[in-house]
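J.: Listed below, chain by chain, are the residues.
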Amino acid sequence: TQLLEQSPQFLSIQEGENLTVYCNSSSVFSSLQWYRQEPGEGPVLLVTVVTGGEVKKLKRLTFQFGDARKDSSLHITAAQPGDTGLYLCAGLNNNDMRFGAGTRLTVKP
Amino acid sequence: EAGVAQSPRYKIIEKRQSVAFWCNPISGHATLYWYQQILGQGPKLLIQFQNNGVVDDSQLPKDRFSAERLKGVDSTLKIQPAKLEDSAVYLCASSLGGGLFTGELFFGEGSRLTVL
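Chains as they are written, first to last, in the working numbering: chain A, 1 to 109; chain B, 1 to 116.
By construction, these hints were calculated from the structure, which means they are not laboratory data. Keep in mind that this is a model prediction, so the values were computed, not measured. Some hints could be false.
[Unchecked claim] Far from chain A by the CB rule (all over 10 Å, computed), these chain B residues:
id	residue
1	11
2	22
3	27
4	45
5	51
6	52
7	70
8	83
9	84
10	93
11	113
12	116
[Unchecked claim] For each label pair, taking beta carbons as the anchor points, the in silico distance ranges come out as:
id	chain 1	residue 1	chain 2	residue 2	range
13	B	22	A	38	27 to 33 Å
14	B	55	A	14	42 to 48 Å
15	A	67	B	18	34 to 40 Å
16	A	81	B	53	41 to 47 Å
17	A	41	B	76	17 to 23 Å
18	B	72	A	96	21 to 27 Å
19	B	38	A	17	27 to 33 Å
20	A	78	B	62	44 to 50 Å
[To be verified] Derived coverage of chain A by chain B (criterion: at least 3 residues anywhere in the stretch with Cβ under 8 Å from a Cβ of chain B; other residues may be distant):
id	stretch
21	17-25
22	99-106
We treat Cβ as the ideally placed atom computed from N, Cα and C, and that holds for glycine.
Here chain A stands alone, though its shape is the one from the complex:
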């Protein structure tokens, strides 16, 4: 079983639509990171959130860390084909980092 549950597992949308993906756990994390992984490449860090309730924006991407530091969400506004990829969340606690299984996003032109 995954320590971090990501949903949905797959998401296919049209260019211009908005979307939200989720990362949930029953565990508390000291920090949480979101990565994007494109086919044939390694994951690339998008953001790190540390404080409960924290919201970070990266252009059209908005990341939120839950108040209890157990969950996080990633919202993308006006999705573009270049946003296509596998979005992974990773929770860190006591020097132990665990990845979720990811949400595979496809944005069609």
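On the provided structure of chain A, position chain B as indicated by the hints.
T.: Leaving out everything else, chain B in the frame of chain A:
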């Protein structure tokens, strides 16, 4: 600045054969990680080195997997003998500091292993 280099990119072997993967981290990065990413799953940490010492190898199947990081720079991951369930992408990552949370993990492109 050069990124994390891995080789080979692809490897196909038969079960019970052996295979080795090589990783060259970003220059100056003290910490090096090997992850296994099975299709449809997130990366799973196999082993973490700080310089040439092992920090965490609790999830490394030590009966068949081994890893070393001689001189605290390059690293090799070996599987002997390979099983069908070892088919996966093996990702190497590096980071600046001594702990996992020092900001960012930099990943290589990965080595895709297929065991027939």
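J.: I want to verify a distance hint. Is the separation of the beta carbons of residue 41/A and residue 76/B within 17 to 23 Å?
T.: holds, 21 Å
J.: Would you assess whether residue 45/B, listed as outside the interface, keeps its beta-carbon beyond 10 Å of every beta-carbon in chain A?
T.: violated, 7 Å
J.: Would you check whether the claim that residue 22/B is not at the interface survives, using Cβ distances to chain A and the 10 Å cut-off?
T.: Answer for residue 22/B: holds, closest chain A Cβ roughly 15 Å.
J.: Are all C-beta atoms of chain A more than 10 Å from that of residue 83/B?
T.: Consistent with the label, residue 83/B stays out of reach of chain A, its closest Cβ about 22 Å off (over 10 Å).
J.: Please check whether the beta-carbon of residue 11/B is more than 10 Å away from every beta-carbon in chain A.
T.: holds, 15 Å
J.: Compute the least Cβ-Cβ separation between residue 93/B and chain A, then decide whether it is above 10 Å.
T.: Label violated. Min Cβ-Cβ 7 Å, cutoff 10 Å.
J.: Could you tell me whether the CB distance from residue 67/A to residue 18/B stays inside 34 to 40 Å?
T.: violated, 49 Å
J.: Just checking, residue 52/B versus chain A, shortest CB gap more than 10 Å?
T.: holds, 19 Å
J.: Taking C-beta pairs only, is residue 113/B more than 10 Å away from all of chain A?
T.: Holds, because the least Cβ-Cβ distance between residue 113/B and chain A comes to about 14 Å, which exceeds 10 Å.
J.: The output says residue 51/B does not contact chain A. Does that hold with a beta carbon cutoff of 10 Å?
T.: holds, 16 Å
J.: Does the claim that residue 27/B lies off the interface hold, with its Cβ farther than 10 Å from every Cβ of chain A?
T.: The assertion about residue 27/B holds, with a minimum of 17 Å to chain A.
J.: Say whether it holds or is violated: residue 116/B keeps its Cβ farther than 10 Å from all Cβ of chain A.
T.: holds, 21 Å
Consistency note: the structure conflicts with the earlier hints numbered 4, 10, 13, 15 and 21.
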